[in-house]
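In the numbering used here, the protein residues as written are 176 to 483.
Treat the hints as calculated values from the structure; they're not laboratory data. All values reported here derive from a predicted model rather than from experimental measurement. Glycine included, every Cβ here is placed at the ideal spot set by N, Cα and C.
Derived DEER-like restraints, expressed as beta-carbon distance ranges:
#1 427 / 266: 14 to 22 Å
#2 425 / 450: 31 to 39 Å
#3 482 / 447: 41 to 49 Å
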Amino acid sequence: MMNPMIDLIIYRVYKRTLLLSLLMTGLVPEAFTQSAADSTKPVEVDIIKVGYAQSLNADSGKSQYDAYVSLLLPIPINDNFVLITGVSYNNLTTKVFGSAAQFYKLTIPLGFKANLSELNTITVVALNRVTKNIQPNLAAKYQSGGIFIYTRKVSERFKYNIGLYYNTEESGAFFIPVIGTKWNPTDKWEVKGNMPINLRISYAPVKPLKIGVSYVGKYESYDLGNTYMVINRNEFAFFVETATFKNLIVQAGLAYNLSNTSKVYLSSDRVEASIIGFHLNDSRNIISNTQLSNTFFLDLKLIYRIFK
176 MMNPMIDLII
186 YRVYKRTLLL
196 SLLMTGLVPE
206 AFTQSAADST
216 KPVEVDIIKV
226 GYAQSLNADS
236 GKSQYDAYVS
246 LLLPIPINDN
256 FVLITGVSYN
266 NLTTKVFGSA
276 AQFYKLTIPL
286 GFKANLSELN
296 TITVVALNRV
306 TKNIQPNLAA
316 KYQSGGIFIY
326 TRKVSERFKY
336 NIGLYYNTEE
346 SGAFFIPVIG
356 TKWNPTDKWE
366 VKGNMPINLR
376 ISYAPVKPLK
386 IGVSYVGKYE
396 SYDLGNTYMV
406 INRNEFAFFV
416 ETATFKNLIV
426 QAGLAYNLSN
436 TSKVYLSSDR
446 VEASIIGFHL
456 NDSRNIISNT
466 QLSNTFFLDL
476 KLIYRIFK
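Model the full structure from these sequences, guided by the hints.
The structure is reproduced here in structure tokens:
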């Protein structure tokens, strides 16, 4: 069991660091720094997501499109144990001077979330993934992976996560240690995510409207036959969302890709392991690299969300 004093220290350090960074960008009013009572805000779970993103200002002759759909199926077994499964599909297309490279990724998660006690929870999910470059002569490739998350509840308004993500990329074993939170300083503000994978900060001025900013880091790889491609994207976005009906959410966002690269390597040219993008014993030679960095994207989502 964690020491309450350690919890308090983690909470205070996290709060002060995050507040300082937000105040420097002018996103947070003074009232945001004040203490709040226990939250009665319901838990939100996005069951279905359908989305489409398209580049707006890529270099001449270049464009990128990203279409995706995901289904999450949490199955409660009892008050302390929930099975997690579902399916997600992603289709990414990059066009360069009329030549299109198109890829798909199908992921089936299978795992569980278990309450070890009133304050401690673990989430363990295996990620079974199939990737393919959409060409008739190339077979789909299977990639095994998973994620482990330990969650500590410090208060009704603050939880923190510690965990590890793993996937068998075409470049070799890929690891990401994660640290995250779900924090509701007030009923209108919410901070949640697992860095360096994702982070979302949202504000709800009136129901059902929400505005916010988000970050998503994406790393994926695809077999090309004698070569493979690694796609790496770091995306920051501003979004607005509202409910058309009680559970149907429409979200529109303007995203900025600070980094967006598609690097091609020989199939025999791999690394021992990668940790948060740092590659061990990396002596690979880049055959080609398509870049769409400093590019804005229009991102539209339709979400079926339940509240419990």
